[in-house]
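Engineer: In the order they appear, the protein sequences are chains A and B.
Heads up, the first sequence is in this note's numbering, so the first residue is 123 and it goes up one at a time.
Heads up, the second sequence is in this note's numbering, so the first residue is 123 and it goes up one at a time.
Some hints could be false.
Claimed, not checked - Think about it this way: if two alpha-carbon atoms lie no more than 25 Å apart in a straight line, the pair counts; the simulated BS3-like pairs of lysine-lysine are: (1) B/K173 - B/K240; (2) B/K173 - A/K250; (3) A/K143 - A/K200; (4) A/K250 - B/K250; (5) A/K200 - B/K200; (6) A/K223 - B/K223; (7) B/K452 - B/K288; (8) A/K250 - B/K200; (9) A/K139 - A/K200; (10) B/K143 - B/K223; (11) A/K163 - A/K185; (12) B/K250 - A/K223; (13) A/K143 - A/K173; (14) A/K233 - A/K182; (15) A/K451 - A/K288.
What the hints contain is simulated information worked out from the structure, not anything from laboratory work.
It should be emphasised that the depicted structure is a prediction, and the values quoted were computed from it without experimental measurement.
2 protein chains.
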Amino acid sequence: MKIKSPYLLFIGDATDKLSIKMALGAANWRQELCVGEYSVKGCSVTTGIEKMNIKQASEKGAKSFVLGFANSGGRLDKQWLPYIIEAMEAGLDIISGLHEKLSSFPELVEKAQQTQTKLVDIRHPLQKFSTGNGVKRRGKRLLTVGTDCSVGKMYTSLSIEQSMKKSNFNVDFRATGQCGILIARQGIAIDCVVADFISGATESLSPDNSAEHWDVIEGQGSLSHPSFAGVSLGLLHGSQPDALVICHDLNRSHMRGLPMTQFPSIETTIELNLQAARLTNPAVRVVGIAVNTSSVSEEKGQEICAELSAQFSLPCVDPLRDGADAIVKKLG
Amino acid sequence: MKIKSPYLLFIGDATDKLSIKMALGAANWRQELCVGEYSVKGCSVTTGIEKMNIKQASEKGAKSFVLGFANSGGRLDKQWLPYIIEAMEAGLDIISGLHEKLSSFPELVEKAQQTQTKLVDIRHPLQKFSTGNGVKRRGKRLLTVGTDCSVGKMYTSLSIEQSMKKSNFNVDFRATGQCGILIARQGIAIDCVVADFISGATESLSPDNSAEHWDVIEGQGSLSHPSFAGVSLGLLHGSQPDALVICHDLNRSHMRGLPMTQFPSIETTIELNLQAARLTNPAVRVVGIAVNTSSVSEEKGQEICAELSAQFSLPCVDPLRDGADAIVKKLG
Numbered sequence: 123m124k125i126k127s128p129y130l131l132f133i134g135d136a137t138d139k140l141s142i143k144m145a146l147g148a149a150n151w152r153q154e155l156c157v158g159e160y161s162v163k164g165c166s167v168t169t170g171i172e173k174m175n176i177k178q179a180s181e182k183g184a185k186s187f188v189l190g191f192a193n194s195g196g197r198l199d200k201q202w203l204p205y206i207i208e209a210m211e212a213g214l215d216i217i218s219g220l221h222e223k224l225s226s227f228p229e230l231v232e233k234a235q236q237t238q239t240k241l242v243d244i245r246h247p248l249q250k251f252s253t254g255n256g257v258k259r260r261g262k263r264l265l266t267v268g269t270d271c272s273v274g275k276m277y278t279s280l281s282i283e284q285s286m287k288k289s290n291f292n293v294d295f296r297a298t299g300q301c302g303i304l305i306a307r308q309g310i311a312i313d314c315v316v317a318d319f320i321s322g323a324t325e326s327l328s329p330d331n332s333a334e335h336w337d338v339i340e341g342q343g344s345l346s347h348p349s350f351a352g353v354s355l356g357l358l359h360g361s362q363p364d365a366l367v368i369c370h371d372l373n374r375s376h377m378r379g380l381p382m383t384q385f386p387s388i389e390t391t392i393e394l395n396l397q398a399a400r401l402t403n404p405a406v407r408v409v410g411i412a413v414n415t416s417s418v419s420e421e422k423g424q425e426i427c428a429e430l431s432a433q434f435s436l437p438c439v440d441p442l443r444d445g446a447d448a449i450v451k452k453l454g
Numbered sequence: 123m124k125i126k127s128p129y130l131l132f133i134g135d136a137t138d139k140l141s142i143k144m145a146l147g148a149a150n151w152r153q154e155l156c157v158g159e160y161s162v163k164g165c166s167v168t169t170g171i172e173k174m175n176i177k178q179a180s181e182k183g184a185k186s187f188v189l190g191f192a193n194s195g196g197r198l199d200k201q202w203l204p205y206i207i208e209a210m211e212a213g214l215d216i217i218s219g220l221h222e223k224l225s226s227f228p229e230l231v232e233k234a235q236q237t238q239t240k241l242v243d244i245r246h247p248l249q250k251f252s253t254g255n256g257v258k259r260r261g262k263r264l265l266t267v268g269t270d271c272s273v274g275k276m277y278t279s280l281s282i283e284q285s286m287k288k289s290n291f292n293v294d295f296r297a298t299g300q301c302g303i304l305i306a307r308q309g310i311a312i313d314c315v316v317a318d319f320i321s322g323a324t325e326s327l328s329p330d331n332s333a334e335h336w337d338v339i340e341g342q343g344s345l346s347h348p349s350f351a352g353v354s355l356g357l358l359h360g361s362q363p364d365a366l367v368i369c370h371d372l373n374r375s376h377m378r379g380l381p382m383t384q385f386p387s388i389e390t391t392i393e394l395n396l397q398a399a400r401l402t403n404p405a406v407r408v409v410g411i412a413v414n415t416s417s418v419s420e421e422k423g424q425e426i427c428a429e430l431s432a433q434f435s436l437p438c439v440d441p442l443r444d445g446a447d448a449i450v451k452k453l454g
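Okay, chain A solo, but in the shape it has when bound:
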């Protein structure tokens, strides 16, 4: 089941671009799904799309009210309940990627019944999964993997999808996190699945397909991250990738959130991922490197990519600055 569109992106009184990641992802990658942005007094950031209130959005055909912000701890501040209720009264479904469930608020559950709207907690999968079986599926799969968490795996995946579409590939982006799910209108928040079903859920995410079809699967975490490597490994095995793209962010000295950890080299990341991926697809290969170079000048970024490209004999791009055409050429 797909999330209903178009979306009204609600960003509350946010003052930090990082806190409206959900809204920005949708506005940047699927503007055609977004009818407008709704913010309240005190808000100092924007996704750049048209501002409007709930009534205006409803008149323009909005079908979903998206909580486009994140609080630390993933809780839903009660101050936003009246806005959510107003949106339901206007007939909109409510979409949340917060950890705290919409359905844990009795007043919202009651209002949803009354207004025949849906509370969609996209971080909390409702499906029943099977355990993985490792049986090879038809069609081709590309998975983005990282040196660390939050190094741009989703943006890289979307950039690759965009470039493949341009070149007339038959391709689907497969979302594994809440932001990706909002963009794809469907997917599975893989880190919220019960541990026994990580690879099984991933298998269901990119089902058997026609031989020339590609799934571009959004990676999660890193095999070198002590908190999340289990998720990354189950996702890798369930994806059975034919192609891996290594994602990296400049200027990291330790794993995200863990100051005492060592950062793995790109070489180590390639080795670890190839070795593990071979369990379910012996033909796996690395087809490119994607680097977030936003911390340096464009010129310096290109220099770094050229060096990495030479070092690993692989295309290396900053997908936001350069696009992903160079990587997609390797999929030919």
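Go by the hints and put chain B onto chain A.
Structural biologist: Below, chain B alone, put in the same frame as chain A:
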């Protein structure tokens, strides 16, 4: 919170020893926790301990009624509800390792409130976990890892604990599956934890301890099993093992439940586990090999263990036939 003991082990009308694994585990490893076994007409297997009904068990001080059997699919057959209700009326808590929750039966929830007894679904953790942080904890940890699922990791762990106790080690067995939890009276069913928290839950299972204390942690799955490797990796990282014991079962030609898969060698299993474990404990080492040789004669079993011991320069035992003293000597 610990499960209340002593237990009455209920095995229903089971006719297959494999289906009463829970009851057998408790009777074999913690007979002192078990007051008796209760079976009904048609049952053709036994744990070997004294048979009695609920009334007799209650008079002997039983505190918990353990569902000691498993149906395929982990469902609770409604035919057992009257027995469960009788046990609650006798003041016993109900302990279940089934997938289907006791708390999903309204009549049991109501009866539990009425009788002030507890429904304990040991497969379904109630705790709130944090994500792992990889910070090194004090004390020492041994983890059993396997070439496959169900190769004897729990029995090996318990045998090692037994041998360590005999040698006056300060040691705790840490359970990660329902059967182990029944034996230890506490633990975390690690494959039932939400994926994001696998390593965090594991970290909480063997907390900071005195320098000479050992935790013997029950392993789960295998890094080479396409269905469950994510669980195994998160468990490995969260355990920060100082010592690994490699568990193996003779006569496997493919991974459990997956006929098309290749079986890893012991050598590969050692390499994969050491490599992954070094992320959270660079000083990790393999201290022994445990082989389930029950499919061959004792003599042949000892021959195989001697060969493996020579090949890997490690003690190699069948923990049920030989005990684990040879491995424990390496911990000295």
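Engineer: Each hint needs a verdict: does it hold in this structure or not?
Structural biologist: Hint check:
no., hint, result
1, B/K173 - B/K240, "holds, 24 Å"
2, B/K173 - A/K250, "violated, 39 Å"
3, A/K143 - A/K200, "holds, 21 Å"
4, A/K250 - B/K250, "holds, 22 Å"
5, A/K200 - B/K200, "violated, 42 Å"
6, A/K223 - B/K223, "holds, 22 Å"
7, B/K452 - B/K288, "holds, 15 Å"
8, A/K250 - B/K200, "holds, 22 Å"
9, A/K139 - A/K200, "holds, 22 Å"
10, B/K143 - B/K223, "holds, 19 Å"
11, A/K163 - A/K185, "holds, 24 Å"
12, B/K250 - A/K223, "holds, 15 Å"
13, A/K143 - A/K173, "holds, 17 Å"
14, A/K233 - A/K182, "holds, 23 Å"
15, A/K451 - A/K288, "holds, 12 Å"
Hints 2 and 5 from the earlier list are contradicted by this structure; the remaining hints agree with it.
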